[in-house]
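2 protein chains.
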Amino acid sequence: MTTKQFLFLTTSVIASCLIVASPRASAEPDQPRIVRLAELEIDPAQLEACKAALKEEIEASIRIEPGVLTLYAVSVKDHPDQIRLFEIYRDQASYQAHLQSPHFKKYKSLTQHMVRSLTLVETEPLLLGSKPG
Amino acid sequence: MTTKQFLFLTTSVIASCLIVASPRASAEPDQPRIVRLAELEIDPAQLEACKAALKEEIEASIRIEPGVLTLYAVSVKDHPDQIRLFEIYRDQASYQAHLQSPHFKKYKSLTQHMVRSLTLVETEPLLLGSKPG
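Going down the list, the protein sequences come from chains A and B. Counted from 1, the first sequence has number 128 at position 129 by numbering that gives the first Met the number 0; the numbering is strictly sequential. Counted from 1, the second sequence has number 58 at position 59 by numbering that gives the first Met the number 0; the numbering is strictly sequential.
Just so you know, the hints here were simulated from the structure itself, not pulled from any lab data. Certain hints may be false.
[As the list claims (entries may be wrong)] Listed next, the in silico BS3-like pairs over lysine-lysine satisfying Cα-Cα at most 27 Å (straight line):
| no. | chain 1 | residue 1 | chain 2 | residue 2 |
| --- | --- | --- | --- | --- |
| 1 | B | Lys104 | A | Lys107 |
| 2 | A | Lys76 | B | Lys104 |
| 3 | A | Lys54 | A | Lys76 |
| 4 | B | Lys76 | A | Lys104 |
This is chain A alone, in the form it adopts within the complex:
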């Protein structure tokens, strides 16, 4: 099965989310969700390799790390070298654990010369609404 087929098939198992983000929307009520945005500019000559590394890192993080809840990666239309990430972690400890994970460190190492610029944006969640596709 190709990766593309895998991705297509897995869409059939999308479950879901009603809504979420009060500041106390976590297993421990005093622990707010951590939501971060990232804006990356990629060396166009290394774009495919970078996207492959990013996809591998996202798949591993969602599969392995209980506190990594959402990693959405998109590119800006007509600017494939501009990538935006939307990230939700269960709490601060989950985010810190993610930074120390082998798959994240591998991704950072692999892409260190592919990413021309990286802007990280810390946020406060207002309302995170979603449901099954």
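The hints should help you fit chain B onto chain A, whose structure is shown.
Same frame as chain A, but now just chain B:
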């Protein structure tokens, strides 16, 4: 029950998503997911009213519209007047239907003099990964 209590309680029913955004990740395989970002700057004097209108619009859209899959709203840390939205629609028709919905039109009307600037960013999904919180 207050809205805050409602939001807190609903976190216990989060289901979810190993997701995925292949270009063919929809009920109709030829219809790609529509993912859009929005960057808003709000008049600080009207921030609370604007946030209330936005939350009402998100709750209604997720509840009523089958093709509105995700509406995530966050503010930039230490800049509460800067709001970012991350939006996923099932397909182009769902996005167009959303623009014509009564709750979206109400939101746009209510906030037309609250939003100082609005930047819309069209995107191409690379990989949308999430799971239950």
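Each hint, compared with the structure:
no.	hint	verdict
1	B:Lys104 to A:Lys107	43 Å, violated
2	A:Lys76 to B:Lys104	26 Å, holds
3	A:Lys54 to A:Lys76	18 Å, holds
4	B:Lys76 to A:Lys104	26 Å, holds
Violated hint: 1 only; the structure is consistent with all others.
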